[in-house]
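Chemist: Residue numbers (the working numbering), protein chains in the order written: chain A, 2 to 430; chain B, 2 to 430; chain C, 2 to 430; chain D, 2 to 430.
Simulated from the structure, these hints should not be mistaken for lab results.
Be a bit skeptical, because a hint or two may be false.
One copy or any two copies: either way a pair holds, since identical chains are not told apart in the list.
As the list claims (entries may be wrong) - Calculated pairs, DSS-like style, for lysine-lysine (alpha carbon to alpha carbon, straight line, at most 30 Å): (1) 66 <-> 279; (2) 330 <-> 225; (3) 53 <-> 408; (4) 53 <-> 75; (5) 340 <-> 75.
Number of protein chains: 4
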Amino acid sequence: MIEEQYPDFTISRLGECRIPSPIKRRGFIHDEQRVLFRTTLASVQASIAQGKEPPSMEVAGAREKIYFDPSKLKCAIVTCGGICPGLNDVIRAIVLSLFHHYGVKKVFGLKYGYEGLSYRYGHAPVELTPDAVEGINEKGGTILGSSRGNQDVGEMVDTLEQMNIGLLFTIGGDGTLKGARGISEEVTRRGLKIGVIGIPKTIDNDILYIEKSFGFETAVAEAKRATYATNVEATGARNGVGLLKLMGRESGFISATTVLCDSNVNFCLIPEVPFTLKGFLAALLERVEKRGHAVVIVAEGAGQDLLQATGERDASGNVRFADIGLFLKSAISTYFREKEVELNLKYIDPSYTIRTLPANAHDSAFCLLLGHNAVHAGMTGRTNMVAGFSHGTFTHVPIPLAISGRKKIDPESGLWSSVLSTTGQESTL
Amino acid sequence: MIEEQYPDFTISRLGECRIPSPIKRRGFIHDEQRVLFRTTLASVQASIAQGKEPPSMEVAGAREKIYFDPSKLKCAIVTCGGICPGLNDVIRAIVLSLFHHYGVKKVFGLKYGYEGLSYRYGHAPVELTPDAVEGINEKGGTILGSSRGNQDVGEMVDTLEQMNIGLLFTIGGDGTLKGARGISEEVTRRGLKIGVIGIPKTIDNDILYIEKSFGFETAVAEAKRATYATNVEATGARNGVGLLKLMGRESGFISATTVLCDSNVNFCLIPEVPFTLKGFLAALLERVEKRGHAVVIVAEGAGQDLLQATGERDASGNVRFADIGLFLKSAISTYFREKEVELNLKYIDPSYTIRTLPANAHDSAFCLLLGHNAVHAGMTGRTNMVAGFSHGTFTHVPIPLAISGRKKIDPESGLWSSVLSTTGQESTL
Amino acid sequence: MIEEQYPDFTISRLGECRIPSPIKRRGFIHDEQRVLFRTTLASVQASIAQGKEPPSMEVAGAREKIYFDPSKLKCAIVTCGGICPGLNDVIRAIVLSLFHHYGVKKVFGLKYGYEGLSYRYGHAPVELTPDAVEGINEKGGTILGSSRGNQDVGEMVDTLEQMNIGLLFTIGGDGTLKGARGISEEVTRRGLKIGVIGIPKTIDNDILYIEKSFGFETAVAEAKRATYATNVEATGARNGVGLLKLMGRESGFISATTVLCDSNVNFCLIPEVPFTLKGFLAALLERVEKRGHAVVIVAEGAGQDLLQATGERDASGNVRFADIGLFLKSAISTYFREKEVELNLKYIDPSYTIRTLPANAHDSAFCLLLGHNAVHAGMTGRTNMVAGFSHGTFTHVPIPLAISGRKKIDPESGLWSSVLSTTGQESTL
Amino acid sequence: MIEEQYPDFTISRLGECRIPSPIKRRGFIHDEQRVLFRTTLASVQASIAQGKEPPSMEVAGAREKIYFDPSKLKCAIVTCGGICPGLNDVIRAIVLSLFHHYGVKKVFGLKYGYEGLSYRYGHAPVELTPDAVEGINEKGGTILGSSRGNQDVGEMVDTLEQMNIGLLFTIGGDGTLKGARGISEEVTRRGLKIGVIGIPKTIDNDILYIEKSFGFETAVAEAKRATYATNVEATGARNGVGLLKLMGRESGFISATTVLCDSNVNFCLIPEVPFTLKGFLAALLERVEKRGHAVVIVAEGAGQDLLQATGERDASGNVRFADIGLFLKSAISTYFREKEVELNLKYIDPSYTIRTLPANAHDSAFCLLLGHNAVHAGMTGRTNMVAGFSHGTFTHVPIPLAISGRKKIDPESGLWSSVLSTTGQESTL
């Protein structure tokens, strides 16, 4: 369980903090305040036995001294990738913190993701003031618009230089953070003093070294509503099967957590736990014959090995994954027909309805604090890092570490064991 | 506007009502209480000019004398066709009214629609008592299960005879009511005294002579949520188009009403108003180029003439309609590609999530009164009729009249005019 | 049941309509289109027997010719009295209709009710453009603020003259409409051409000749949530009594309708049905002893005769009514103590939480059409009238008629009979 | 910051675990798996410096060997104190885990709190089977009913002996846990082998050594709705003040967290941070005069020192606290009157509506796992402990430790600092 290699949580800095923070409140965080990466007694004892300091992360929060002079600082915010509940909350929290905590006067919103940093698209930046972000937190989506994919790094840093941006906040997932790292490296190469702070956005909650990402709780709450519908459909007809596809390309956190908050799911299929079509279909049939109906949740990234056989490739030559939901829908129908068992299958894919929601109460508070802590970090000249959260504490995580892999469900973990005990499915299908 | 032929609202009866109602309350309805079918001054004046009584419907409600002896009566309830919000409310209202208002002691629930009346399926009926229906109104779907299609009429009446049922409540749509009429006719043929009362179930609100059907309000409220998601998707990307498919095979009431309760829809396509693909696509492109995004609602039965060309037929030889939502999704994509305009299209189909909801407050109250009135009608020996609602009054409508056509949106009506003025779309596309 | 005196539905006009409507759509309403006031066959027959035309109301909607020249017209909107779901929807609908349907360019919002028409308060009007009302319909309350009470009529008309307002929309209840009538009369006295259109706002749904007012459906839906809470409290403890006070000063529509959409209420007390304290307390005790708990809904205006005995008077000398909710809370506690029966009483008053909600889907659509129809009426020079709704049709109702009394629940009606059969309470307590 | 005295997390046991667990799944927890109590690097280093093992808690979860023989074991569940979202989820999780994970066949629900263990009340226990708890998680409140206060310990243990209960689950707060400790001690005194497992229930989230309690998230989400209403009222009138009282007798977690998830609160008053009436009123007046309105949240236990002056005492001689909400309502009104400033004050107390809600998605999943872990702990013969949760891990906490004080908000903490920066209020009022 204990890694051989210790993760390196060292955060990059643009320079020394010499400017007293304008924040009046007590409760500054000192740089030496750190939270343990692992919180088991065994892991700490292992470190001690090896004569090492247990790995730990910086605790986020306002510092007594800052790097940037707020009166001269210009900041920019960009939202990239898919829509996620809470995007507007984060934008608003960053703007309000920059203005009210630090007295920054210029904050720009870049339109449509990294396109907004690329002059070839001609998207004019919008000025973000406290008035401009009033009430945006009550709305789903992002007021800045978004786009997928990265742009030319040189061009993006050119734009930052031209706009005289000192601090860039990039709200996005794995790909966005890779872009942010690229920008940060190019900034260093050019000897600029531009901080790059990532705010991790992944509705799937799959970013490494970060316990929880915003929007996840809202997504699970809405996924529970979809599970309700799926169960009503499954129980409303003879031999009813409700098949619900949920988000989760690399990891099944949404699917697994949804199982735990709804009591009616019988099968949960996630990317981390492979299954055979034969095993799954036989178990499904058995369930339907015994109980008259079944509810199945499948994460979008589950069973991708079953789909590779299709042999399709996209324009770039990459294997194109078929839609696991539609694939299973078809496979189940065929199987029941072959077995001559009546089947009333309903397939539900609520992804867009989920991700477009405004943040719920939990995520609203979380986004607020996440945005504040991103600003606190940025003002101290920290860079190439993401605002993280672990063990109930906001943290700093180096971007290179955060994108060094994907957070996944451990099939041996208590979480997955709880899922199995709730669905009643076999651990191997 | 005034029909040449007057609708015949005469309700069939099993016999004379001789038994005093056990209901203690004042407020009985007299048989001569009738509500006008048309409520415009002009229509009444036209009737008078023709020397005719203006057409009118019986007002529903408890009568002073009833036909059936509650102490001996056995009743049955069946739910048929697709799931609709409020099914369980209606079941519960019927059971409670039979027990508490009249003292009936035996009510059976037939399982899985008309299959439950056909011995070949072997579905055992369940006994429905006040305890058995406690709290079912808080759940979506139907506790009885449902199925589509009719069964052999002779077989169904055999079952009613064997079970000694005096009063059958069939909750279902157009097809179900046709089945109910068949049962009623067979009952007459055999000289039996079995009442058949329909409760009109159509989430599309498309049954003739009935102003409002249960579940419709709940459906529109949830459709508004889906429209919200569609709009967030459309505005979240450059040249975003949100395409939302809503229920409505024969009529577009859900789509049209949803437009009125959400302010962000730009095109609404319904079965009653034909459109050309060319006209729609050109208008859509124009809107996207001018405003950067567009939201489209399409009812599932819209534009079927565009799809007939596919030439596919189902097992019975009927023309099989392709899915208009997927068809438009593909057509829009192709068109924008041809025009070399970027497109970010999101397609949302929330039908199952909508129809599986529990009834909202409005529908709960409506279902309660509808169920009560169905029981009141049945206890008086009325038969071959449905429990209706018009101009704020619960009514009786003969089944043959209710199934003589479909209620549709008049493109010249105020409703459609309001939709056009809200979307801003041209009246002809 | 048939009134001796026929209500006079004649609408005042500022002058003849000579200007062609800029609305392009078909579907104009002709002035002679009228909807019957009473829709029973008997009432029509009674009129005919008396040789009279059955009483009827103008059907609302766009006309082919209008009175005001949109290019020169200035309009004003004011919201008065208590907050009600849908206020912002109505404001927005009026503004959008004036701008988009007619091309009006100047619309002012007056702040804080009639205070905004009184120069002594110095509230500057705000300009209402389509941009200014974007998205306000998603928010509860009123963006204009509100206040109670009327201001000096002369002063208010002075302000209208000074601002050169041609059309005033007053959104408010009984008192507000009285103020509107006063303004309209003063306008006539001065020979001015200022139209005054009321939009009836009463969460209690108690305005005469108007079947439904906006916000009512939203209020009932939230009242159902409060009833849920009340029932959980009542059943969560031995001898639990949940006492829920709902809005309804003069009429009990909210309370009665809430009973119908929640199945757990045992007593419903409304202003229209007097009760004795002794009778109610004895029935409550009996219920608690038999069933272990009870849920009581009391409308705020119920049982006021029981409270007059307090003899308190307010500054103006009016009898001050004590709070019936707190009064009953205390009376129940005393009674159970005297009878030495354990009591766990919980008192819930959700009024503010209810009335501050945004409109639900149903009310959103209703407010949109109501606002449109108010504009259509105003543009034709109609004045001293309110935008009404009866039998599924939007109508025009003269203000003097609308404020000639209060709409109340008839204790002999089907509505109250349904309430009694749902609660199981005696018709006389 | 680091305690001088180390908390003693040693858990009592009834005896040695010799029976192999019937659970088939992998993923058993070993007794030596422990999670650190403090997760800062500094605290661990301090322990090491003192030559001590850092304080840690047992990790909860299924063990390979258990103490009780499931085939012979009888269990009982009791819910005590106020209603809290999730009670039924916990009951259901315990029942399902006992039946499905372990094969226990007899589980009793004791009615109305500890009264159900006292024969003088004569409440018959109800048998809890998987069927009996089907769907109860969708309902607010507790199906077992509840009561406040403890009963005679001897009598309660008599009842446990008579019923032959081996394992008692007590779901309740501080007082209930004190009762549970008493039962546990009496059990030891009599040499019995009855395990007592507490499940901490505190909507206020104020139990020591337990990071999160069930129902808290649901409460905050609903409190956000109430804050919305409060803000609409405050902004809807001139000089509007919305005063919202929330739960929180000893600690202000609900109030503070609600501030973070709603952006419109201007003052937050909690028990942990004293304020002077003069300071608060002056700040409130200043805010109202500057901004035209204000929103105030007050936790029910805030400012109790201001109220002691009333001098009232209850039957037992304890100082009776007046209601801080009503007290402030009156104080604000008086102050504004004295200052001759108009005031439109609305007071909202949504406590019952909040606590009666069913658990939201987050709490549903949390209750499920909490219930499972309580069962796992109980089956191993652990006793006199509560099922806890810290740093993302379910834990075991000795009851005596959990009731040794109250968890409170540290005014120097990041949480409170975030609240201050959100409301903009001074740190001292």
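Chemist: For each hint given before, does the structure comply? Return the numbers of the non-compliant ones in rising order.
Modeler: Violated hints: 1, 4, 5; rest satisfied.
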